[in-house]
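Q: Taken in order, these protein sequences are the chains called A and B.
Read in order, the letters of the first sequence correspond to residues 1 to 119 in our numbering.
Read in order, the letters of the second sequence correspond to residues 1 to 422 in our numbering.
Keep in mind the hints are simulated off the structure, nothing from the lab.
Among these hints, one or two may not hold up.
As the list claims (entries may be wrong) - These stretches of chain B come out as covered by chain A in the derived footprint (C-beta under 8 Å, 3 or more residues):
id: 1; segment: 358-368
id: 2; segment: 372-382
Stated by the list, open to error - Chain A is faced by these chain B residues, among others (derived, beta-carbon under 8 Å):
id: 3; residue: Gly21
id: 4; residue: Pro22
id: 5; residue: Met23
id: 6; residue: Arg26
id: 7; residue: Ala30
id: 8; residue: Glu415
Claimed, not checked - With a Cα cut of at most 20 Å, we get these calculated SDA-like pairs of lysine to any residue:
id: 9; chain 1: A; residue 1: Lys90; chain 2: A; residue 2: Tyr14
id: 10; chain 1: B; residue 1: Lys29; chain 2: A; residue 2: Trp116
id: 11; chain 1: B; residue 1: Lys18; chain 2: A; residue 2: Thr112
id: 12; chain 1: B; residue 1: Lys410; chain 2: A; residue 2: Trp116
id: 13; chain 1: B; residue 1: Lys324; chain 2: B; residue 2: Phe166
Just so you know, even glycine gets a beta-carbon here, dropped at the ideal spot from N, CA and C.
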Amino acid sequence: MATSQEILDALADYQVQCNGNKRLRKMQRDWSKLLHFVADDTGDTFTMNVVNGEIISFGPGAEGAPDIIVSTTSEDLCNMFWGDLNPSQKYLQGEIRVKATQEDVVRLDAITMIIWPDA
Amino acid sequence: MEQDSEKIKQQALSDFAKYIGPMKVRTMKAAGLDIIEDKRDGASVWDITGKKYIDCQTGSGIMNVGRHNREIVDILKTALDKYDIGVFLLCSKPKADLAKMLAGITPGNLQCTIFGVGGGEANDAAIKIARGFTMKKEIIYTEKAYHGHTGFALSAIGRTAYKEPFEPLMPGFRMVPFGDIEALKKAVTKDTAAVILEPIQGEGGINVPPDDYLPAVRKVCDENETLLIFDEVQTGFGRTGKMFASEHWGVVPDIMTVAKSLGGGLYPISATIFTEEIQDFFIPHPFIHLSTFGGSDLGCIVGMAVIDYIRKNDLPAHAMEMGKRFRGGFDRLTKDFPALLLEVRQKGLMMGLQYTNESIGPRLTKKMAERGVIAIYTGNDPSICRLMPPLVITPEEVDYVLNALEDSMKELSKEAGLGKND
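Required output: the full structure, derived from the provided sequences and hints.
A: Structure, rendered in structure tokens:
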């Protein structure tokens, strides 16, 4: 189980990775979404705001009307943001659940591939 | 030997990722479909490592006559000794023969053909003809429709994600819900050149319209002097238990497009077939729509062999029979796994399984691949699995697919994340 603070630390690193990756920023420049992340086991929620491919903010709580909701355990959320697990695999095992359009699911996978090509 | 084939496979996947596209390889790997096709026969295909799969995807209905149909391969081989693709500006006997054959098997007074290479090109041609012939501009298409990724056809696709990055598209296109005759009545005006639709939507999720829909569409078109285009690219050539799906409702379009299975999975060819009256548009414009590779001599020879094979083996009747066998199994599974399987939509061997939520499609695709069945969720909606096996599938192979589906569902039922509306 991961604490809310551990997930926020992982999210901070994820933001640095994403925003610092020029290829990813260019690729995602037409993508603006509000994402909610839900830790099933602890009930913690997090909001991330992506505007034109840049993560402009993230924080605790479920703010606004999300385009995408990602739910899993707190530990998997943490590991996902650190790049320690392959979210596609977990998604196909039903351990990560994504409520989003099919296009957005592919986008999320594409982000993972660019940041962690070996994950 | 096994090690060698695994090495060849990994190199092919790596080269594909590098030189064609990494996301495709990643997606296929995740879905357990990182298959490098090797031997193909009947309803089956073998991965280069030797694993056998029953192919229920078939390029969305290309292989009605089966994978690598030996009879047609032999006809193509013989043709290659004499023919090449031919010069598209010249008249050709294989072209004339196939066009005559198509006029013979299509319903009503569909008589004249323009050949192309793929379904998108055939639909592009249909829309061009409709505008040219009627001198009207509006085209009505349906939500979730799929007509191909080329210019006019792309404008008639009912899925925003395929179109948005390429806007602005062709002007004058208007979308209505599929199966809703009142919406169509409101949309069609005296300025409407054509209504284009698939008699049964494929990519949209195997959507079979209400029985009174297509006859009513025909009536609306007639009242407004609007042409009716049926895209039978996926539904044609016996797939639904009739040679063409529109025959289930006895409705004859003004223009019909066919592709995919016409080439037998061996040689790409498509056709836009229309009435003699519409042919009048081409009398003063004989060279207004050309296709270098469309209706090549070799493609036409394959097309004729495919039609002969379908008729000789009465594949529409076989599709109907195997469809019933599938249906028996699906009905049982719907009863046994209500948390997974919501409903079945089907005509012959054009089959769609509506799952209870979107996470199930990708997960069942993977489990089916592990059990040697290629059965993939639709691009439009991952909560729907489209099954379009070759029409030559045997009863034993149908049972194998059903057993694999049952095993996969049993396993999935034990896993996490199956709450409705996840």
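Q: Each hint needs a verdict: does it hold in this structure or not?
A: Do the hints match the structure? See the list:
Counting residues of the segment 358-368 of chain B whose CB falls under 8 Å from any CB of chain A gives 5; the rule of at least 3 is met. Only when three residues or more bring their CB closer than 8 Å to a CB of chain A does the claim for the segment 372-382 of chain B stand; here the count is 4, and the claim holds. Residue-level restraint check for Gly21(B) is violated (minimum Cβ-Cβ distance to chain A is 11 Å; threshold 8 Å). A cut of 8 Å between beta carbons decides the hint on Pro22(B): the least distance to chain A is about 7 Å, and the hint holds.
The beta carbon of Met23(B) comes within 6 Å of a beta carbon in chain A, closer than 8 Å, and the hint placing it at the interface holds. Given the 8 Å rule on beta carbons, the hint for Arg26(B) holds: about 6 Å separates it from the nearest Cβ of chain A. A least Cβ separation of about 4 Å between Ala30(B) and chain A falls short of the 8 Å threshold, and the interface hint therefore holds. Because the beta carbon of Glu415(B) sits about 5 Å from the nearest beta carbon in chain A, less than 8 Å, this interface hint is met.
Taken as a hint, the Lys90(A) and Tyr14(A) pair is honoured in the structure, with Cα atoms around 18 Å apart against an allowance of 20 Å. Between Lys29(B) and Trp116(A), the direct Cα distance comes to roughly 16 Å. Compliance with the 20 Å bound is thereby established for this hinted pair. Restraint check for Lys18(B) and Thr112(A): satisfied, since their Cα atoms lie roughly 17 Å apart, inside the 20 Å limit. For the proposed pair Lys410(B) and Trp116(A), the alpha carbon gap of about 33 Å is over 20 Å, so the pair is violated.
Distance check on the hinted pair: Lys324(B) and Phe166(B) sit about 42 Å apart at the alpha-carbon level, beyond 20 Å; violated.
Consistency with the previously given hints fails for numbers 3, 12 and 13, ordered from lowest to highest.
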